[in-house]
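A.B. asks: Here the protein sequences come in this chain order: V and E.
Quick note on numbering: the numbering used here labels position 300 of the first sequence as 773, and the sequence is numbered without any gaps.
Quick note on numbering: the numbering used here labels position 157 of the second sequence as 1008, and the sequence is numbered without any gaps.
Any given hint might turn out to be false.
[To be verified] Straight-line C-alpha distance at most 25 Å; calculated PhoX-like pairs for lysine-lysine:
| hint | chain 1 | residue 1 | chain 2 | residue 2 |
| --- | --- | --- | --- | --- |
| 1 | V | K609 | E | K961 |
| 2 | E | K961 | V | K610 |
| 3 | V | K715 | E | K961 |
| 4 | V | K717 | E | K961 |
| 5 | V | K748 | E | K854 |
| 6 | V | K610 | V | K660 |
[Said to hold, decoys possible] Some chain V residues judged to face chain E by a derived CB distance under 7 Å, without partners named:
| hint | residue |
| --- | --- |
| 7 | P575 |
| 8 | T576 |
| 9 | R689 |
| 10 | K717 |
| 11 | Y724 |
[To be verified] To list a few chain E residues with every Cβ distance to chain V over 10 Å, as calculated:
| hint | residue |
| --- | --- |
| 12 | V879 |
| 13 | K888 |
| 14 | V930 |
| 15 | M934 |
| 16 | T949 |
| 17 | K958 |
| 18 | G996 |
| 19 | S997 |
| 20 | E1019 |
Please keep in mind that the hints were generated in silico from the structure rather than gathered at the bench.
Don't be surprised by glycine CBs; every beta carbon is placed ideally from N, CA and C.
Next come the chains, spelled out residue by residue.
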Amino acid sequence: MSEMVEVIVDDQTFHAEKGSLLIDLLIKEKVKVPYFCYHEALGADGNCRMCMVEIEGQKRPQIACDTFIKEGMEVRSKGENIEKVRTNILELELINHPVDCPTCDQAGECSLQNFYMDYGLHDTKITIPEKEKGLKKVDLGSNVILDQERCVLCARCTRFTDKITGTHELGIIGRGDHAKVSTMPGKKLDNPYAMNVVDLCPVGALTSKDFRFSQRVWFLKTVESVCHGCAKGCNIYIDHNKIKYQDDVIYRYRPRRNDEVNGFFICDEGRLSYKGLQENRQHEIVLDNEVISEDEAIEALKDLVKKYKSNITVIIDANLYTEDIEAILNFSKEIEANVCAPLDIYRDEDFKDDMLKSAQRAANYKTIENLSLETKIPEKCELLINFNHPGKFEAERSIDFRTHQDPDAAFILPLASYVESSGHITNEEGITQHCQKALSKNDPLPTVIEWLEKVSV
Amino acid sequence: MNKNITVIPRHGSSLKDKLYLPAIYDGVKVTFKHFFKNVSDINAVDTLEYPEEQPTDITERYRGLHRLTHRPDDSIACVACFMCSTACPSDCIFIEATEREDGHDEKMPKSFFIDTLECIFCGYCVEACPCDAIRMDTGIFSLTGSSREDFIMDKEQLLSHKGAFGEENSCARD
Chain V
474 MSEMVEVIVD DQTFHAEKGS LLIDLLIKEK VKVPYFCYHE ALGADGNCRM CMVEIEGQKR
534 PQIACDTFIK EGMEVRSKGE NIEKVRTNIL ELELINHPVD CPTCDQAGEC SLQNFYMDYG
594 LHDTKITIPE KEKGLKKVDL GSNVILDQER CVLCARCTRF TDKITGTHEL GIIGRGDHAK
654 VSTMPGKKLD NPYAMNVVDL CPVGALTSKD FRFSQRVWFL KTVESVCHGC AKGCNIYIDH
714 NKIKYQDDVI YRYRPRRNDE VNGFFICDEG RLSYKGLQEN RQHEIVLDNE VISEDEAIEA
774 LKDLVKKYKS NITVIIDANL YTEDIEAILN FSKEIEANVC APLDIYRDED FKDDMLKSAQ
834 RAANYKTIEN LSLETKIPEK CELLINFNHP GKFEAERSID FRTHQDPDAA FILPLASYVE
894 SSGHITNEEG ITQHCQKALS KNDPLPTVIE WLEKVSV
Chain E
852 MNKNITVIPR HGSSLKDKLY LPAIYDGVKV TFKHFFKNVS DINAVDTLEY PEEQPTDITE
912 RYRGLHRLTH RPDDSIACVA CFMCSTACPS DCIFIEATER EDGHDEKMPK SFFIDTLECI
972 FCGYCVEACP CDAIRMDTGI FSLTGSSRED FIMDKEQLLS HKGAFGEENS CARD
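Excised from the complex, chain V in its bound form:
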């Protein structure tokens, strides 16, 4: 580890590693400094010039993202001079900006908007007809839409495809006012992490086709959760909203920074997995093609358990929360059933890559392994109680707890999905993480624990 030195920022003394970037210190200590092009995952590029600070002994303001920390550095991030510099640079950024915030999906979480409110508030010297025009809707592929007019040319997206995915699809072509982000002629943005450029883009130049016009971002409510797409356990934000007189619905997943697990990004498949979660849900309790009430279902379930007392098998899905799995184990002990959790079905070698995707497509399979549960189902079983396991099993009689519809099930009981309850999961590296409850549905479905409480009374 290199030497720690003292740095003075706005009359406050901080300690930082010698030779590290000044902007990292400012971000870490929450000193307000505007920037477009710098990103912790992509490094310094120094093209947007927004992160100007005054450094004692230097003639002109310097960019914080390309300044290395030295012993006894004195930095000023506030004051009339530096704010004037920022205002002028922002005015340059806004010269060709179309200011179409009313139709822009980024409005509300846009760096340009925020910096304008912080440092700009100037009147433009350019009229709309004088502005450089560009294409408003370019489909780059992989659900990413480019608006060339809104771009501030920070090059975060091109650096993402160069440094992170290594696919080099995006580049900046042209010079000066005519510089634009583009793909190679005839080529599309095509990699499994492409939609991260939407989050990286500080303005509304790159927006998601999936989220396009579906909600204004200030209506969305955000909870912290973990993606259930595979055993990696990438941290996400779930953005949801309950429109008046309608039901609570998820509008998008966004990656949440966690340096121990996923860093800054998530894969596109995980990002879009919220859709499948909300489609084809099972809402009613169905016994032999007849919708029955909850009390009748509990009666029927108890009767079946009594009838097949000697030979019951409980099957557990490896996506359930640890709390749910424990409740199922207790219930199984109560009814003296065999417990098993077949894991082979989750294995998908085609999905695996060397970034974030894991071949184990079950979020909590590590807990099943830690509990050393049986993974093979007994050859002969008479009553089978399946807790949302995706596999199909032979049995004389089966009871299925399902989040989604299953046309083959004879006795099906609806179950809340992971976004409708909270709990913990352990990822493949053994890190246990908490998922918050996101949705409060108008007609909430029982969770595993709620079902088991009802059944065991």
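Knowing the structure of chain V, use the given hints to seat chain E on it.
C.D. replies: Relative to the frame of chain V, chain E by itself:
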């Protein structure tokens, strides 16, 4: 005793007050003065025979029923930015946005509902609109219907309302 308290003497203790009749006479005098004045000249009565007679004092600033304006080429001015529904204190504006294909901007409302039963006619939506797309200058002050659903205005109804004060199209830039 607290010096902030002032004692006010009770009125009505004189004989004149106790008789009541002079006061009744004063009141009846006013009533009959207006009665004879109105009977002698019926047109001077300050009453409107609504609904046969319609009010004439609805001014340009009056906040009547909403309308959605058009652009000069007759397309809808609204770009579905949700500023009105964000500003709305009674949450009565329901918009669903969609892709716009007619060459103006990118976005337009697929559906646009105002529940006029929930609306408090504060005019914040008009203030918030960056496109001059929603106005309350129809001069319509009375709305009737036989069910609750009749009061939920949809996009077509709102577009069909006409401005009552000459300014028909949106004044925002195209």
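A.B. asks: Now look at each hint and say whether the structure bears it out.
C.D. replies: Evaluated hints:
The suggested pairing of V/K609 with E/K961 holds, with an alpha-carbon distance near 20 Å, which does not exceed 25 Å. With a C-alpha separation of about 19 Å, the suggested pair E/K961 and V/K610 falls inside the 25 Å cut-off, and the hint holds. Taking the CA atoms of V/K715 and E/K961, the gap is near 19 Å; set against the 25 Å cutoff, the hint holds. Restraint check for V/K717 and E/K961: the C-alpha separation of about 17 Å stays at or below 25 Å, so the hint holds.
With a CA separation close to 74 Å, the supplied pair V/K748 and E/K854 exceeds the 25 Å bound. Of the supplied pair hints, the one linking V/K610 and V/K660 holds, its CA atoms being roughly 16 Å apart against a limit of 25 Å. Checking V/P575 against chain E by beta carbon gives a least distance of about 3 Å; that is within 7 Å, so the hint holds. The interface hint given for V/T576 is met, as the beta carbon of that residue sits about 4 Å from the closest beta carbon of chain E, less than 7 Å.
With a least beta-carbon distance of about 5 Å to chain E, the hint placing V/R689 at the interface is held under the 7 Å criterion. Restraint check, V/K717 versus chain E: the minimum CB separation of about 5 Å is within 7 Å; hint holds. For V/Y724, the suggested interface contact is broken, since its CB lies about 13 Å from the closest CB of chain E, more than 7 Å. At the 10 Å boundary, the C-beta of E/V879 stays outside the reach of chain V, the nearest C-beta of that chain being 56 Å off.
Look at E/K888: its CB is around 54 Å from the nearest CB on chain V, clear of 10 Å, so calling it non-interface holds up. With a closest Cβ-Cβ approach of about 5 Å to chain V, E/V930 is found to fall inside the 10 Å limit, against its non-interface label. For E/M934, the shortest C-beta to C-beta distance to chain V comes to about 7 Å, within the 10 Å cut-off, and the non-interface label is violated. The claim that E/T949 is not at the interface with chain V is violated, since a C-beta of that chain comes within 10 Å of its own (minimum 7 Å).
Here E/K958 does not stay apart from chain V, with its beta-carbon only about 4 Å from theirs, under the 10 Å limit. For E/G996, the requirement that its beta carbon stay farther than 10 Å from each beta carbon of chain V is met, with the minimum near 19 Å. At roughly 21 Å from the closest C-beta of chain V, the C-beta of E/S997 stays outside 10 Å, upholding its exclusion from the interface. With a closest Cβ-Cβ approach of about 22 Å to chain V, E/E1019 is found to remain outside the 10 Å limit, as its non-interface label requires.
Figure legend: structure checked against the earlier numbered hints; hints not met, in rising order: 5, 11, 14, 15, 16 and 17.
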